[in-house]
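Visitor: Chain by chain, the residues run as shown.
2 protein chains.
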Amino acid sequence: MKNTLDPLEPKADKATVRRHNLSLVLRAVHDEGETTRAAVAARVGLTRAAVSSLVEQLLGSGFLTESGKTFSGQAGRPGTALRVARTGAAGLGVEINIDYVSVCVVDLAGTDRVRLTEHLDNRDVPPAEVLGRAARIAARTLDSAAEQQLRPAGARLALPGLVSGGTVRQAPNLGWSRVAAEELFGRALAAVRPDTGTLPVGSENEANAAALAELWFGDGPADRARARNFLYVSGEIGVGGAVVVDGELLRGAHGFAGEVGHVVADAAGPRCRCGSRGCLEQYAGQTALLRDAGVGADAGGAGVAELERRAAAGDARALAALERAGRMLGLVLSGVVNLLDPEAVVLGGIYRGLVPWLAPAADGELTARVVSGLWTAGSGRLRGSSWSGDAARGAAALVVRDVIADPAGYAERDGAR
Amino acid sequence: MKNTLDPLEPKADKATVRRHNLSLVLRAVHDEGETTRAAVAARVGLTRAAVSSLVEQLLGSGFLTESGKTFSGQAGRPGTALRVARTGAAGLGVEINIDYVSVCVVDLAGTDRVRLTEHLDNRDVPPAEVLGRAARIAARTLDSAAEQQLRPAGARLALPGLVSGGTVRQAPNLGWSRVAAEELFGRALAAVRPDTGTLPVGSENEANAAALAELWFGDGPADRARARNFLYVSGEIGVGGAVVVDGELLRGAHGFAGEVGHVVADAAGPRCRCGSRGCLEQYAGQTALLRDAGVGADAGGAGVAELERRAAAGDARALAALERAGRMLGLVLSGVVNLLDPEAVVLGGIYRGLVPWLAPAADGELTARVVSGLWTAGSGRLRGSSWSGDAARGAAALVVRDVIADPAGYAERDGAR
Chain A
0 MKNTLDPLEP KADKATVRRH NLSLVLRAVH DEGETTRAAV AARVGLTRAA
50 VSSLVEQLLG SGFLTESGKT FSGQAGRPGT ALRVARTGAA GLGVEINIDY
100 VSVCVVDLAG TDRVRLTEHL DNRDVPPAEV LGRAARIAAR TLDSAAEQQL
150 RPAGARLALP GLVSGGTVRQ APNLGWSRVA AEELFGRALA AVRPDTGTLP
200 VGSENEANAA ALAELWFGDG PADRARARNF LYVSGEIGVG GAVVVDGELL
250 RGAHGFAGEV GHVVADAAGP RCRCGSRGCL EQYAGQTALL RDAGVGADAG
300 GAGVAELERR AAAGDARALA ALERAGRMLG LVLSGVVNLL DPEAVVLGGI
350 YRGLVPWLAP AADGELTARV VSGLWTAGSG RLRGSSWSGD AARGAAALVV
400 RDVIADPAGY AERDGAR
Chain B
0 MKNTLDPLEP KADKATVRRH NLSLVLRAVH DEGETTRAAV AARVGLTRAA
50 VSSLVEQLLG SGFLTESGKT FSGQAGRPGT ALRVARTGAA GLGVEINIDY
100 VSVCVVDLAG TDRVRLTEHL DNRDVPPAEV LGRAARIAAR TLDSAAEQQL
150 RPAGARLALP GLVSGGTVRQ APNLGWSRVA AEELFGRALA AVRPDTGTLP
200 VGSENEANAA ALAELWFGDG PADRARARNF LYVSGEIGVG GAVVVDGELL
250 RGAHGFAGEV GHVVADAAGP RCRCGSRGCL EQYAGQTALL RDAGVGADAG
300 GAGVAELERR AAAGDARALA ALERAGRMLG LVLSGVVNLL DPEAVVLGGI
350 YRGLVPWLAP AADGELTARV VSGLWTAGSG RLRGSSWSGD AARGAAALVV
400 RDVIADPAGY AERDGAR
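Here the protein sequences come in this chain order: A and B. Residues in the first sequence are numbered consecutively from 0, following numbering that gives the first Met the number 0. Residues in the second sequence are numbered consecutively from 0, following numbering that gives the first Met the number 0.
Simulated from the structure, these hints should not be mistaken for lab results. Check the hints yourself; a few may be wrong.
[As the list claims (entries may be wrong)] Take a look, some chain B residues computed to stay more than 12 Å from chain A by CB distance:
{"#": "1", "residue": "Ala37"}
{"#": "2", "residue": "Glu65"}
{"#": "3", "residue": "Ala80"}
{"#": "4", "residue": "His118"}
{"#": "5", "residue": "Glu128"}
{"#": "6", "residue": "Arg150"}
{"#": "7", "residue": "Ser176"}
{"#": "8", "residue": "Gly260"}
{"#": "9", "residue": "Thr366"}
{"#": "10", "residue": "Glu411"}
[What the hints assert, rightly or not] Ranges between beta-carbon positions, derived for each pair:
{"#": "11", "chain 1": "A", "residue 1": "Glu411", "chain 2": "B", "residue 2": "Ala48", "range": "47 to 55 Å"}
{"#": "12", "chain 1": "A", "residue 1": "Leu318", "chain 2": "B", "residue 2": "Ala267", "range": "38 to 46 Å"}
{"#": "13", "chain 1": "B", "residue 1": "Ala367", "chain 2": "A", "residue 2": "Ser176", "range": "15 to 23 Å"}
{"#": "14", "chain 1": "A", "residue 1": "Pro199", "chain 2": "B", "residue 2": "Gly174", "range": "54 to 62 Å"}
{"#": "15", "chain 1": "B", "residue 1": "Ala376", "chain 2": "A", "residue 2": "Gly363", "range": "31 to 39 Å"}
{"#": "16", "chain 1": "B", "residue 1": "Gly174", "chain 2": "A", "residue 2": "Arg270", "range": "37 to 45 Å"}
{"#": "17", "chain 1": "A", "residue 1": "Ala49", "chain 2": "B", "residue 2": "Glu411", "range": "33 to 41 Å"}
{"#": "18", "chain 1": "B", "residue 1": "Ala376", "chain 2": "A", "residue 2": "Arg139", "range": "29 to 37 Å"}
{"#": "19", "chain 1": "B", "residue 1": "Ser143", "chain 2": "A", "residue 2": "Ala14", "range": "52 to 60 Å"}
{"#": "20", "chain 1": "A", "residue 1": "Gly274", "chain 2": "B", "residue 2": "Thr110", "range": "45 to 53 Å"}
Yeah, the Cβ is synthetic: ideal placement off N, Cα and C, and Gly gets one too.
Model the full assembly from the supplied sequences, consistent with the hints where possible.
Guide: Next comes the structure, spelled out in structure tokens:
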């Protein structure tokens, strides 16, 4: 039984309430994009005077900017237009995947402002070396960000494995086991950029980060609201996944939910790096796809581009490989849909560009296997991710969300640095 | 981004606040079992005087009782002991399953006070006839409840199928499709008990209801808190399921989540009544289990008892059938655990008594197939449900929870009847 109302916090002191209200106001401006003091007051349920005082503090700390032009919103008189600042506090997102590292800096509005991606093979390279290289890429990204007057409020790593408590418990495709990724990255970044020595570093599963980016920034179909209940499937060398329920990540009891790549597609199938047999990854992961298509399993990102080219040209072997992978995807996804009843299944990573060839077979399995005729072929419930559904951007946005949740706390920490 | 604090409801009027606080106080007493005004005040954050006034109203309306004896709780001075009333408002739960109907009445404390179960075959019987029979069983149960001074505040049906908006969209094992179950049951009950003509009737999937009963009343292992993140699997002729996340049911976008019985165990397996092939139900449902064990697939409840007897006696065919079903259960559950990372998987329905023979094979598959070595054989994460994990009780408790969530609203409706 869930409370919808809570008793009126008798013990909250004035400073706590103000700190909380600063966040409410900043978030209101963030969510509206451009708005006025009056519209903010109407939205958050505070007086105009209280909102004005909070806005002054947020302007003074550099979280908001205002422009002289007036803006006529739906909620009353025109006023000075408020927006979140495009300089100052920013998020640093660092995706370390099997065959690339991608780093981005997003501003308070969540916009991707700087991006640096390097394609390289991180398999069987010592973790400290991979994280050191990622730190050097991050440092170069921060140099560009600094020229745009953006200062990182924190860094968030996005990693293809089970991440918990600052550690990668297991990332089979990287060959990592119990790697203290946050600490190693933080130390390596401080070595090349001493001013980042106190920067908070966090970490997140890459599919989780990409799913959040899809949730926050993805463009839903124009005719309906963006899905808030979906499964995100990230095709890479591994197949990652994330479950979003009512606009929140489902993390599970230990933080390891979403491992759709290791759901069994065929009990007697080939051995997987995770120790099981016949996992979805063995049929629909990048390595299997490229091998079956005859592209060469180790061709990496170039191989995926080649697969797309061959499929578009009607190459029979490429089409057969994609059809088979789509069928196995659909088989496993039918179980997920029966279990979770999501609005949509979003295909990201390498699948995004392969949707035209994967989706028909997957949709066929879903239509045949989802109970109660709830899945209709071609319903649009199976779809490619938007270009915003990206792990580095999601990771960076998590940092920004933390700032918005407590701007006063960030200002204090920033002042101390 | 989730708000942890909300602005102080400026528009809530006094009557709304009092109504809300009545529920807070009733719920506090309900959750504590036996408590004092002082302890309630400390728990809900209201003054002692406010709590006393609310308690008087709840005593006057018959929701609470007090005893003269003093009780020394942890939160201050001894006082008169308060408990929720064991007479008055009650919940009526009606489980209609494939081969039985079970009806119970629970009091405000959630205690199962009256229970009437009839074993009968509901397959291929017209839905109106099944619901009419259930109504007659419910009427007899209400007669017993009335002798204990319990009055139903509402009825909740628990049904083995996809339930939404008062209708059973599909219950393949009953052969039901688009049955207006709430309306048919309400009308049939009013025909035999005219005083129930205005009784609100709701409906719920049976596995969901059983999972809630397990959540609210189940006895967790003594050495740890009761699980609040688990998958409940209900073995019956069909295999139902429910996903509980942070103490709440995960319902899905259309309310149809939890259909673990139709997750595919073998893509090329036998045709299922749902239209797919190789669903878990085809290997681990009651019909398959009894058939494989040579007990006779239509032997129903008696057949399950016979299967247990044979397994306990070491009958090789019974043991082989249970081992196979356990393996298929474990195969599908490994996917669920990889996807949702629950604390526990709880086996209910006919599985409860069969756990000693199902669990070893299932646990073996889980240990081999859950990523990252997170599943350890014999960890206790796979376990039988408690005897409280029962759909009729869960359905009845849902009615009681509604009363506790708004006692003033119930008192008004009850007065109008």
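Visitor: None of the hints should be skipped; say for each whether it holds.
Guide: A quick look at each hint next to the structure:
Its beta-carbon lying about 16 Å from the closest one in chain A, Ala37(B) satisfies the requirement of being farther than 12 Å from that chain. The beta carbon of Glu65(B) sits about 23 Å from the closest Cβ of chain A, which is more than 12 Å, so the claim that it is off the interface holds. At roughly 23 Å from the closest C-beta of chain A, the C-beta of Ala80(B) stays outside 12 Å, upholding its exclusion from the interface. Against the 12 Å criterion, His118(B) stays outside the reach of chain A, whose nearest CB is about 27 Å from its own CB.
With a least CB separation of 23 Å from chain A, Glu128(B) remains clear of the 12 Å interface cut-off, as annotated. No beta-carbon of chain A is positioned within 12 Å of the beta-carbon of Arg150(B); the least distance is around 21 Å. With a closest Cβ-Cβ approach of about 9 Å to chain A, Ser176(B) is found to fall inside the 12 Å limit, against its non-interface label. The beta carbon of Gly260(B) sits about 8 Å from the closest Cβ of chain A, which is not more than 12 Å, so the claim that it is off the interface is violated.
The beta carbon of Thr366(B) sits about 10 Å from the closest Cβ of chain A, which is not more than 12 Å, so the claim that it is off the interface is violated. Every beta carbon of chain A lies more than 12 Å from that of Glu411(B), the smallest distance being close to 19 Å; the non-interface claim holds. A beta carbon spacing of about 40 Å between Glu411(A) and Ala48(B) contradicts the range 47 to 55 Å that was offered as a hint. In this structure, Leu318(A) and Ala267(B) break the distance hint of 38 to 46 Å, their C-beta atoms being roughly 23 Å apart.
Distance hint for Ala367(B) and Ser176(A): a CB-CB separation of about 18 Å, consistent with the stated range 15 to 23 Å. Taking 54 to 62 Å as the suggested C-beta distance range, the pair Pro199(A) and Gly174(B) conforms, at roughly 59 Å. Judged by the Cβ atoms, the range 31 to 39 Å given for Ala376(B) and Gly363(A) holds: they are separated by roughly 38 Å. Against the hinted window of 37 to 45 Å, the Cβ-Cβ separation of Gly174(B) and Arg270(A) comes to about 43 Å, which satisfies the hint.
One distance hint, 33 to 41 Å for the beta-carbon pair Ala49(A) and Glu411(B), holds here, with the actual separation near 37 Å. Take Ala376(B) and Arg139(A): their Cβ atoms lie about 48 Å apart, and the range 29 to 37 Å is violated. A C-beta distance of roughly 58 Å is found between Ser143(B) and Ala14(A), which places it inside the suggested range of 52 to 60 Å. Take Gly274(A) and Thr110(B): their Cβ atoms lie about 46 Å apart, and the range 45 to 53 Å holds.
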